[in-house]
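Asker: We have chain A; now place chain B onto it with these hints.
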Amino acid sequence: MENISEVLTLFLSIDNFMAIAAGVLIGVVVGAIPGLTATMAVALALPFTFSMEPVTAILLLVGIYKGGMYGGSITAILIRTPGSPAAACTLLDGYPMAQQGQAKKALKTALYSSVVADLISNVALIFFAAYLAKIALNFGPPEYFWLICFSLTIIVSVSGNSAIKGLIAAGLGIIISTIGLDAVYGTQRLTFDNYNLMDRVSFIPLLIGLFAIPEVIDFYTSRVAPHIRTAVSGASLTWKEFKGSLKTVIRGSVIGVIIGAIPGTGATSAAFISYSEAKRTSPRKDNFGKGEVEGVAAAEAGNNGVAGATLIPLLSLGIPGDVITAIILGAFMIHGLTPGPVLFQENLPLVYALFCGILVSSFVLVFVGNAAIRYFSIIADIPKTILLPIVLMFCIYGAYAVNNSTFDIGLMLAFGVLGFLFNRTGVAAAPFLIGFILGPMFEDNLRRTLLISKGDPTIFFRGPIAWVFIMLTVASVAFAFRRYWIARREQA
Amino acid sequence: MELSDDQSTHTANDEYGRLNPNSLLGGLFFVVSLVFLFYVIPNYINLPPYMQHPLLSPRFLPQLAGWLVLILAFVLMVNGLLYPPKREEADELRQGVPVLRQVLMLAAGAIYAVFFEQFGAIGSGIFASVLLFMASGLKSAWIYVLAVLFPVVVSLLFIHVLNVPLPVGTLWEALLQF
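Respectively, the protein sequence lines represent chains A and B. Numbering of the first sequence is given in UniProt numbering, commencing with residue 1 and proceeding in unit increments. Numbering of the second sequence is given in UniProt numbering, commencing with residue 1 and proceeding in unit increments.
Isolated chain A (complex conformation) (with noise of 0.2 Å):
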């Protein structure tokens, strides 16, 4: 009961409430907008989030993922530009919608598929976190190293095209992370005597370096591509409609649970797997591809049920299961908080909290969805030539925050032209990410497991759970080789 109020009270606040309908309003203008991200939106919202209260700041923050979920399937639906990765699927039959003239119809299927499979994504994290995080309490420095070797293997399918060039970007990640005063024995690592480098290099300007500033110079080193003109038309959806196609969203809501709750699967592969599944089973698959409100609703589902579910393994157990919850990791360790299974028995209301704002983001994203469905021409008409001078100046502000230091702007922009040169390379900027987070915590494991045992190694493999790390490990990378190989053949 104490604890009952205990959460209410964290959670009963207007600020949580502005954070949330903030952030999915946040998510969808910049999900909307062809060109920028929500992992984009989440690094440069990052620096705004120092002064709030740690479930205002998280909850900002994941509105904002949930909200770019969604803004991502607009563009796809609209102008056939997949606003992220995972509504590529839903340009499948949303844009062949959009030019029979039902673009309306095709945007409201999207968002209430979007909505009841973030609901179903949202009520498997309650249940799932807390049951994984009382397993995670049995975990000591061995099983933590082995789980960090698993989660690494994430980093393959984070890599996009090229598993060589993403590990190697893993690799310069896990180098970055490594300068600073070393943990154990103090000594100066890499900091080539500056005393900015003292305190390990800070988060937000690699971040906001490595996903902001590459769009806008590549925007700069680009011909001026023409401005795209959008229009939303036709009729709505009729209820009669959609629960024809309510079957369809639960199945791609579980599909995308289940594979959200894998780290490093993500949300791309949720939505075509859903949409496979969807055309295999439909009376009409036929008509998918052409223009079917039932494929729509399965992408949707597909991508939208990862949302939740990616928070599993990361309140859960600490690990990210993408890039934009690997931020929120980072937001997680900003606000003196690490998840995991201590987060569960020590900040138990906390977690509470967030659980209660994460499901109301899902009833916020109605209001807001229909909102940007109603006003949405005005949104994504914002010329590129004038927001991005606006996203530069926000960038800049905001990596001055971090330590009022103009060093991490310079940091900031080095960074930049790094994820630039990555992004003219093919080398995903994700990787990077991954390495520059999980690197200090592969370390960390290591040492502490190390002083555990005196120098015995035999403790890596002392009991069941470590061993079922192991195989997951072996198994991951045995998966990721294989697929290299079969994508290997098919190029061939």
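In short, the hints are calculated from the structure, not lab data. Glycine included, each C-beta is placed from N, C-alpha and C at the ideal position. Errors might be hidden in some of the hints.
Unchecked claim - Simulated coverage check for chain B against chain A, where a stretch passes if three residues somewhere in it have a Cβ under 8 Å from a Cβ of chain A:
#: 1; region: 43-49
#: 2; region: 133-139
As the list claims (entries may be wrong) - Which chain B residues face chain A? A few, computed with CB under 7 Å, are given here:
#: 3; residue: L149
#: 4; residue: F150
#: 5; residue: T170
#: 6; residue: E173
Answerer: Quick look at chain B alone, frame taken from chain A:
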């Protein structure tokens, strides 16, 4: 069957030669990781006088990551030589970009990176935004009003709402004192 001129040109433009981005990138990473492993680590990572286990060394993780990059860079280089990648459509958009557009972008970046303290947040925001609007060839007067309005509003938001003490500008302070 012979390829027509049009087809053969298309094929030649589609693929890079041996000196392609992948082999060059692999070569670059290979050299960088060699320098890192054999020069930077020995000189810029200090070892403590006593260590309980070699894996506890402050050099262990950087060396592990360095070797990982070295091996993969070699693989990437060989892979690039054996299988030259295809050109992307996006490459075409990157050709024929006016030099002035890129120079103005660099100037805007330099204002933020070098003169942020001197010009202050508002001053550097205005200068950089004006340069970036010019880089896009914007000519309407109201757009340039935005270049002044946005830095002022965003700076005030940071200073008064988020309590971030953005710099006012040492140059303006000196001018006021003068």
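Asker: Let me make sure I understand: some of the numbered hints might not hold for this structure. Which ones are they, in numerical order?
Answerer: 3, 5 and 6
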